[in-house]
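*Asks:* These protein sequences, in sequence, are chains Z and E. Residue numbers for the first sequence follow my numbering, so the first one is 43 and each next one is one higher. Residue numbers for the second sequence follow my numbering, so the first one is 43 and each next one is one higher.
Hints in this document: simulated from the structure, not taken from any laboratory. Treat the hints with caution; some may be incorrect.
Chain copies aren't distinguished; within one or between two, either way the pair holds.
[Claimed, not checked] Lysine to any residue pairs mimicking SDA-like chemistry, simulated, CA-CA at most 20 angstroms apart:
no., residue 1, residue 2
1, K137, E149
2, K51, K137
3, K143, L270
4, K137, T119
5, K143, P267
6, K137, N266
7, K143, E206
8, K143, R268
9, K51, T370
10, K137, R240
11, K137, A150
12, K51, D83
13, K137, E148
14, K51, S79
15, K137, E211
What follows is the residue order along each chain.
Protein chains: 2
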Amino acid sequence: QERTRSRLKAGIDAPARTRDGHSVGLWGNIASPHDASGVLDAGGTGVGLFRTEFLFMGRTTPPDEEEQFQAYREALTALAPFPVTIRTLDAGGDKEVPYVKGLVGEEANPFLGLRALRVCLQHPDLFRTQLRALVRASAHGNLRIMLPLVSSLWEVRQARTLLEEVRAECRDQGNPTAERIPLGIMVEVPSAAILADRLAREVDFFSVGTNDLIQYTLAVDRQNPRLLSWYDPFHPAVLRLLALTAQGARAAGVEVGMCGEMAGDRLALPLLVALGYDDLSMSSARIPWVKETLLRLDRPSCQALWEEIQGMESGSAIRDRLAAFQETTGE
Amino acid sequence: QERTRSRLKAGIDAPARTRDGHSVGLWGNIASPHDASGVLDAGGTGVGLFRTEFLFMGRTTPPDEEEQFQAYREALTALAPFPVTIRTLDAGGDKEVPYVKGLVGEEANPFLGLRALRVCLQHPDLFRTQLRALVRASAHGNLRIMLPLVSSLWEVRQARTLLEEVRAECRDQGNPTAERIPLGIMVEVPSAAILADRLAREVDFFSVGTNDLIQYTLAVDRQNPRLLSWYDPFHPAVLRLLALTAQGARAAGVEVGMCGEMAGDRLALPLLVALGYDDLSMSSARIPWVKETLLRLDRPSCQALWEEIQGMESGSAIRDRLAAFQETTGE
Ligand SMILES: [Mg+2]
Ligand SMILES: [Mg+2]
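Only chain Z is shown next, with the shape it has when bound in the complex:
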């Protein structure tokens, strides 16, 4: 216990890489600018997911550009020069934002409904305000913009067009902005993983959202307590999509990360190292634990493990194999 604690502490400042020198960014997920210091304290070197819903919750009108700008700038400033990946509004589904609820109405299946980027593309004024705030904030740190729930190329193109318009507009109005603002997408709809090779040519980075990706790939509501036997993060089909996504990114020279729950799961880590995930974003509290595991891995063993696991038939067999592997790398 004592030994673990001191080892975790010692790891905070150590570079996040395997024994054989393969680096993986260990980043934090945050839900407000106040969480930024927690990421740094835990040794995180960036934010892979800044959820912007907090700005929209518990109120009946959306926050204006200025209010959003202040929040984004605060996070960017606190974390500079580390990258801060801000996700555009991800309302709907299980995240109820009263203002958006009014636009969307009642839905029989909210997880398969008008949510996230879809709402933003259908209500460009709402989206434009957020993009303006983001572009203005970009001058104050290392901003990356991330689009949730992308299922098709046209959505990325529409969003990029809007972003370019907003950037030109902000510059014309004399606002300082970053030279370059990477635009990426969450890979959390099966079609995005299946088309990763195509989508990679349209974006600057991928970040896999495992929670949604798993639920759609398996057609299982992850919050339905009756379906625990069906919801399976290590399902072979899910792992194939994780591999496809990484391969698509790699082929296009695009960064690939992960910001779902699996990113903070030490059992999954050897697979993610094998597949070449560049950064993993998790709740800050998980960072030291994941780093502690990372420091003990070497990539060739991870790759051999992945080869073996590709031949396995069930999520539970794969989980068992990962647990056994974890024991051999422990001490």
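Since the structure of chain Z is already known, use the hints to place chain E with the ligands on it.
*Replies:* Same frame as chain Z, but now just chain E with the ligands:
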């Protein structure tokens, strides 16, 4: 008009194959034994989907074995020697069966909920009664049993074990049964298409359910009127899954069919011919129309079209290309 009608009529008895002799089974979907004659009148040579929900609807207790047996036997007898693919209970989702509703309860996202095969595996008594009725009916025609909403290998294995138990039991009790009862699955969850190569080794046939497959692959409720821009049967990711499914089946020497709406869409037909779909099951009224198109196709042109379409980026571009192709094959 007159000419089309007489051509359709003339086609009823013609074999369903392309100009160059590639056969495709054109089958009917039915929802009760009374629909059997409609399939035959339309020139259908089998049933690719017999929905058994009608037996369970509008009542508070499930039908007993005898009632089910009578209904299945009636359909099998009417259509013999043609194959009749009977789908096991597909309750839940948008198909409300009062008795099953009581077992499942309220769900936030019924399409991602406890439905179809999941209900049957969780309530083996319910499932066993249906399987017994099916096994007994098998003596009276050419029965194929089809499992809906399969997402994993273990589900197929559990169902097969139960089916084998029931067969042994029925035989021990002196019931005549068919020598062989093919067991197949609907491919309608993304994970099933992604793992088609594995699943093909466990089953006797595949039948793609395009309606569900599309909605899960794209994370779009097909009944949500606000998502019309997102629901896209010709989405490149959907087509990749159709190809993966056919390849997986082919490699294992297993038949692959389709029973979703796309099976009756003449625009899609050249692609399905190219991919080697063995049988297409649709509402009986569509059969003559689809056959009329089939008779004018030749497989090499369809395969060339598929090569071309694989390079295309959007469902709407693909749809346009298919429409143009249809014009060149018309007269
Ligand atoms: Mg999500
Ligand atoms: Mg279905």
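*Asks:* Under the constraints set out in the numbered hints, which ones does this structure not fulfil?
*Replies:* 2, 4, 7, 9, 10, 15
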